[in-house]
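There are 2 protein chains.
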Amino acid sequence: MFEQLGLIGCGLMGGSFALALKQAGLVKRVVGYSKSPSTTERACQMGVIDVAAPSALLAVSGADIVLMAVPVAASEATFKAIKHMVTPCMLIMDVGSTKGDVVEAAARGLREQVGSFVPAHPIAGKELAGVDNADAELYVGKQVILTPTEVTLSAHTQRATEVWSALGCKVVQMSPESHDAAFAAVSHLPHMLAFTLMNSVIGQSKGASYMGLAGPGFRDFTRIAASDPKVWRDILQANRAELLTQCQHFRDQLALFEAAMLAGDQQTLEALITQASTARAAWRMNQLP
Amino acid sequence: MFEQLGLIGCGLMGGSFALALKQAGLVKRVVGYSKSPSTTERACQMGVIDVAAPSALLAVSGADIVLMAVPVAASEATFKAIKHMVTPCMLIMDVGSTKGDVVEAAARGLREQVGSFVPAHPIAGKELAGVDNADAELYVGKQVILTPTEVTLSAHTQRATEVWSALGCKVVQMSPESHDAAFAAVSHLPHMLAFTLMNSVIGQSKGASYMGLAGPGFRDFTRIAASDPKVWRDILQANRAELLTQCQHFRDQLALFEAAMLAGDQQTLEALITQASTARAAWRMNQLP
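Residue numbers (the numbering used here), protein chains in the order written: chain X, 2 to 290; chain F, 2 to 290.
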């Protein structure tokens, strides 16, 4: 049970965490700060936060748990802004989709208080961002990746595990590097490919009429292309080394398809599709191997 | 109102057409043929067909409407098998995902009877194929593309339009070439990219553990990768010229992302994502521009 959650960023991810914590009876009070005053106001109206703080620093003041739910590129500035109120007993977490850059930002921003920070990535989201879509059930049944480093206080890692577990999440621990390599492959690259497909189609003179014919396969494949541009610019940029590696793997595999089609090699073509189809049919979300 | 539907191929697409036609009261009797006797038997049990025919030729005998719902690669052999029973008043349609190759197969297979054939592509499907998943509602609200050529009897094109409209479909007419170019862009390429992503991930030593972390974005992006290998081998191969062109467009667009990331050019990166995101957010299925 926590006394006070300091929430920095009251959007979908942060707002949902506050609601979930309240619903589970795990926090007495939520003090929230958002860059946009209208967001903070709305969060108050909705009961997502109890008190609006005028700054990130004051949102943290007196908190025993802090969630930083801001764009990853804003991490370092946020850590610096709150540093003077951070205490060793305060558990600080983020929700960013990349971890290596956030870990570095925490080291630079929190300095000797960095042990309080447990990097976290809940694998949850919605197409519709913003506090209006905050949902106490958003995290239920989802995976949360924690990427503590050698400077993280292990008591905090333990508490972070307990909090997310209490919200119904499956908690997985790994290094920031392993996290970023994995998510480059299964999240960041698919987003980049979905963006690329959209740009490829609309860049053609008949692109608009082509899209008018598209069906459910196109709908699902491109759903993630509607994601927030600033959020995804930051993610792609932050994880660019791993992402470029994954992109090269992808190009190599794509070349196998192209070569098989050019050669009219139906056997290879079928083998390539069978491999993909079998793997996808066997895959289940949230099941670690 | 038709007297008798000759159904060749009693799987998901063919079975659903028979059920829809019956439900709409548009046909008195369905005579069905499938390569696999167990499929025909199951189709009889389910009431999808009324009579099982021992051959494609005998399924066509006496029919005034014929639906050929077989893999596209089997088109020419099927046209040849039924040719001797085809009459000028018989309306013949297919449901293939490619049209140029089917039009050529019809010309070679049906010869002087080719005027009876109206090439059709209903934009509908399910992940689960087979007669067990046949559904009278499968085509409701979906688009159907008809690609008649200069040899198609216009009365048949008219009747084909009426039948699909009566089943609740939106009928669109275009040339086989335009069809194949459009579907290379919005269906065949996305399938190939989804297959490629699966192969790219599972081809890495840590691929299985990466996939264990994948979330809803990966799930939707790769859904079509579970498609039937033989069906998609045929589609990719049949439409390979258009598909290779689309693949090159895609590679060019992907290179823009890679270059922006390598250069750390956040402005270009954001502009690329914004373009994709805006286009996807504005897109609505089944709305022609």
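Simulated from the structure, these hints should not be mistaken for lab results.
The reader is advised that the hints may include incorrect statements.
Unchecked claim - With a straight-line Cα cutoff of 25 Å, these simulated DSS-like cross-link-like pairs (lysine-lysine) come out:
1) 23(F) <-> 143(X)
2) 207(X) <-> 143(F)
3) 171(F) <-> 207(X)
4) 23(X) <-> 36(X)
5) 36(F) <-> 231(F)
6) 81(F) <-> 207(F)
7) 171(F) <-> 81(F)
8) 29(X) <-> 84(X)
9) 171(X) <-> 231(F)
10) 127(X) <-> 207(X)
11) 23(X) <-> 207(X)
12) 36(X) <-> 84(X)
Quick rundown of the hints versus the structure:
{"no.": "1", "hint": "23(F) <-> 143(X)", "result": "violated (44 Å)"}
{"no.": "2", "hint": "207(X) <-> 143(F)", "result": "holds (21 Å)"}
{"no.": "3", "hint": "171(F) <-> 207(X)", "result": "holds (20 Å)"}
{"no.": "4", "hint": "23(X) <-> 36(X)", "result": "holds (23 Å)"}
{"no.": "5", "hint": "36(F) <-> 231(F)", "result": "holds (15 Å)"}
{"no.": "6", "hint": "81(F) <-> 207(F)", "result": "violated (50 Å)"}
{"no.": "7", "hint": "171(F) <-> 81(F)", "result": "violated (31 Å)"}
{"no.": "8", "hint": "29(X) <-> 84(X)", "result": "holds (23 Å)"}
{"no.": "9", "hint": "171(X) <-> 231(F)", "result": "violated (38 Å)"}
{"no.": "10", "hint": "127(X) <-> 207(X)", "result": "violated (31 Å)"}
{"no.": "11", "hint": "23(X) <-> 207(X)", "result": "violated (51 Å)"}
{"no.": "12", "hint": "36(X) <-> 84(X)", "result": "holds (18 Å)"}
In this structure, the earlier hints numbered 1, 6, 7, 9, 10, 11 are contradicted, and the remaining ones agree with it.
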